[in-house]
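Chemist: Letter by letter, the chains look like this.
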Amino acid sequence: MTEVASTTSGARDRRAPDGVTSVKVWDPVVRLTHWGVAAAVLGCSFLFEPEGNGADLHQLFGYVGVGLVVLRLVWGLVGPRHARLSSFPPNPMAALRHLTDLHRGRRHVHLSHNPAGALMVYNLWASVIAMGVTGYMMGTVAFFGIDWVEEAHEVIYGWIMVSVVLHLAGIVLDTVLTRVPLVPAMITGRKRVPTDRLG
Amino acid sequence: MTAVAVSDRARTGRRAALLSAVIVVQTLCAIFFLGDVIGDLVGDGQFEGPHKWVEIVAGLAMVGGVAFLIFELRRVMNRVAILENATRAAQGEMADVIEAFFDEWNLTASERDVALLMLKGIENDEIARIRGTASGTVRAQGAAVFRKAGVDGRPQLFSIFMEELLAGE
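Going down the list, the sequences are from chains A and B. Position 154 of the first sequence, counting from 1, maps to 154 under UniProt numbering, and the rest follow consecutively. Position 150 of the second sequence, counting from 1, maps to 150 under UniProt numbering, and the rest follow consecutively.
Certain hints may be false.
To be verified - Footprint (simulated), chain B over chain A, 3 or more residues, beta carbon under 8 Å:
(1) 19-29
(2) 66-72
(3) 112-119
(4) 148-160
As the list claims (entries may be wrong) - Chain A is faced by these chain B residues, among others (derived, beta-carbon under 8 Å):
(5) V22
(6) I23
(7) V24
(8) L28
Think of the hints as simulated: they come from the structure by calculation, not from any bench. Cβ coordinates follow ideal geometry from the N, Cα and C atoms, glycine included.
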């Protein structure tokens with residue numbers, strides 16, 4: 001987990017207003033895959049029903065979502081620092097500590113994902129892949145019409161919806177508490193961090 | 001020098017964004033191709049004829065293409081990082097150079113401000129507005145700067161720093 005205090009990244013920008021340092025964190029691949037997966041989940045969930053005339057597009061969006069997650073995982077191995085999986089390893093204890101710290105008013109700014117956010121990231125990726133796998137199985141000769149596959153696809157769908165709500169809630173909470181606007185960061189790639197928190 | 005670095009940086013930044021978009025699209029295509037091949041392999045067992053081999057080669061070629069593009073993108077991103085550092089260094093050094101000259105000329109605090117604003121190409125009236133003084137004061141301070149620097153106007157003041165930049169190449 002890259003905590004700001006321990007990093008003096010070379011990508012600071014002087015043009016930010018006083019008291020705020022703009023730091024380049026999300027490269028274009030991270031941003032494109034993030035919004036692409038979001039679009040794929042939305043498309044599969046609400047735009048193109050698996051039954052009826054949206055079935056083909058439902059499948060297509062499913063493939064796109066899984067493909068983007070796969071690309072993001074590869075990028076997590078070879079990409080720049082903040083995009084790397086090693087910058088935000090899945091660590092439930094650290095996530096718990098992060099949440100209790102937030103509760104106690106200790107608000108660390110993380111340049112990559114914060115530990116709780118990191119868990120959500122892995123959860124969402126795993127869920128999207130599981131959706132893709134079960135969805136694909138439903139279309140194969142071997143698993144067509146098998147109950148548990150269909151069941152699993154729907155249960156994981158419910159889980160993704162819960163996760164999305166938690167994900168959005170986490171974004172709002174973190175933005176309010178650390179005063180680092182996270183949504184613009186995922187659009188422009190730059191986190192605007194209050195300079196006194198950079199340590 | 002600095003301006004070139006800045007425009008170069010913007011161009012490389014755009015290149016990185018474009019490369020990323022191509023990588024995303026090509027990854028999806030590669031997965032589609034390979035998925036099709038694997039589906040044929042494990043699905044109905046019909047795996048004959050040159051057609052399938054063409055598909056396999058095409059799929060693998062796309063994966064190789066993606067790998068190359070990712071490698072290329074990393075190179076471009078490193079270049080952006082280097083340019084950003086270089087630009088910052090150049091800006092920082094230029095500021096030091098300017099400070100050194102101001103010291104040498106024994107400029108007062110107000111004269112330093114006025115001289116710096118002049119170097120930024122700001123008109124006297126605007127400088128007066130920024131500093132909240134009369135424009136006559138700015139003209140007088142400007143004249144003092146020129147006198148101490150031994151030049152007879154703005155163009156010559158610029159040329160001192162320009163020469164420093166060119167000599168630094």
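Chemist: Which of the stated hints cannot be reconciled with the structure, identified by number in ascending sequence?
Modeler: Numbers 3, 4 and 5 - these are the hints that the structure violates, sorted from lowest upward.
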